[in-house]
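Residue numbers (full-length UniProt numbering), protein chains in the order written: chain A, 1 to 204; chain B, 1 to 204.
Since the hints were made in silico from the structure, they are not lab data.
Note that the structure is predicted; figures quoted are calculated from it, not measured.
C-beta: ideal position from N, C-alpha, C; glycine also.
Do not take every clue at face value.
[Said to hold, decoys possible] Estimated spans, in silico, between C-beta atoms of each pair:
1. B:G83 with A:P65: 26 to 36 Å
2. B:G27 with A:P70: 51 to 61 Å
3. B:P100 with A:E24: 52 to 62 Å
4. B:Y165 with A:H171: 37 to 47 Å
5. B:S35 with A:H171: 31 to 41 Å
What follows is the residue order along each chain.
2 protein chains.
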Amino acid sequence: MSTSATPPLSPLTITFGPGNATLEPQGQVLTRRMSDLEGLFVDGHAWRQAVVDGDPVVYTVVSSPVPEVPRELPQSITTIYPGDTGGEFWMTKGHQHPDPQGEIYLGLEGRGGLLLFDGERAEWLDMGPGTIGYIPPGWAHRSVNVGDEPYRFLAVYPGSAGHDYGWVLAHGMGLRARRGDATVELVPFGAPASASDNPTRPQE
Amino acid sequence: MSTSATPPLSPLTITFGPGNATLEPQGQVLTRRMSDLEGLFVDGHAWRQAVVDGDPVVYTVVSSPVPEVPRELPQSITTIYPGDTGGEFWMTKGHQHPDPQGEIYLGLEGRGGLLLFDGERAEWLDMGPGTIGYIPPGWAHRSVNVGDEPYRFLAVYPGSAGHDYGWVLAHGMGLRARRGDATVELVPFGAPASASDNPTRPQE
């Protein structure tokens with residue numbers, strides 16, 4: 001089987017039927033609190049305040065028992081809680097796969113977005129029940145809750161893929177998702193939080 | 001990442017939320033009629049008769065646009081129509097992956113079964129909405145409609161996996177799924193159709 005005749009995919013959304021979910025039997029459960037997300041939100045002052053004000057759970061990841069090893073195809077369900085920090089919607093840390101492998105996110109509940117970045121181009125996919133977000137190999141990916149309820153999705157990914165969180169800290173994600181007037185507002189990754197949100201925010 | 005400490009998985013069922021589906025945008029669509037399934041049903045006489053009597057569509061496979069090449073993660077939705085041939089439930093051809101890779105089937109609609117065979121052991125997983133059937137690498141797999149309505153599932157599989165249909169013709173699938181009194185009856189793969197079903201069936 002040759003890959004040379006097939007051009008690389010760009011991210012795309014594939015429509016799919018609705019549903020919501022837990023995984024049973026259950027493997028590892030990961031809980032990310034605000035204090036685990038240092039350096040992710042552009043507004044460091046608002047982030048610190050949120051840590052002090054109860055350090056809320058931002059998201060959880062429930063894995064199936066299928067292990068993350070080559071040739072297996074593990075799954076997990078991520079739940080991102082609704083909220084924003086300095087106007088920036090709550091989100092996952094985001095990661096790149098050290099072994100470039102495609103992945104799918106299947107929207108289950110709530111309203112979300114899938115932000116993808118290959119180091120040059122950034123793409124945003126609207127996600128919700130009935131949507132498969134396809135993550136081509138080589139694209140870093142982050143999920144965002146843009147609604148008022150928990151946003152939940154099923155991930156399916158080759159067990160060899162791995163998680164490189166440092167890539168996102170070093171390269172960013174191209175865009176940030178902020179709470180807009182009626183919908184999500186996508187702004188350049190390096191842009192500061194708006195002055196009106198954080199009149200006393202230090203330059204950091 | 002080492003794989004040596006993780007024992008090989010046996011097939012397992014993982015509970016998941018309901019839904020039903022088409023794929024949009026759509027890639028290749030495969031239609032399998034009865035005439036495409038020569039040698040699959042143990043009752044060759046009943047199979048021939050069904051081909052003559054209208055050659056019905058037994059199943060269809062709608063693929064997403066994600067290509068079947070290494071590092072991509074394609075998806076497809078299979079619909080198996082309800083019926084039996086000589087008492088044997090309608091089913092897919094079944095295949096083995098030339099490149100041993102795990103796969104998931106996610107039940108969307110109807111009642112089905114996932115038959116797995118590694119050349120020695122056969123496993124049967126009851127499938128329906130809310131169930132993920134996990135196919136570990138190295139297990140041939142066939143799907144069966146055991147209900148009265150179309151049985152539909154979403155497959156997610158690494159693009160490198162491939163399809164070897166000849167393996168099943170050479171090795172069988174360990175078990176066959178027959179229409180029982182109230183439920184599915186699993187019989188050894190080599191067993192002939194019951195005499196009461198086919199009084200005039202030639203020995204073939």
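Going through the hints against the structure:
1. B:G83 with A:P65: 26 to 36 Å: Holds: the Cβ-Cβ distance is about 35 Å, inside 26 to 36 Å.
2. B:G27 with A:P70: 51 to 61 Å: This hint is violated: roughly 26 Å between Cβ atoms.
3. B:P100 with A:E24: 52 to 62 Å: Violated - the Cβ-Cβ distance for P100 of chain B and E24 of chain A, about 27 Å, lies outside 52 to 62 Å.
4. B:Y165 with A:H171: 37 to 47 Å: 44 Å, holds
5. B:S35 with A:H171: 31 to 41 Å: 54 Å, violated
Hint compliance for this structure: hints 2, 3, 5 are not met, and every other hint is.
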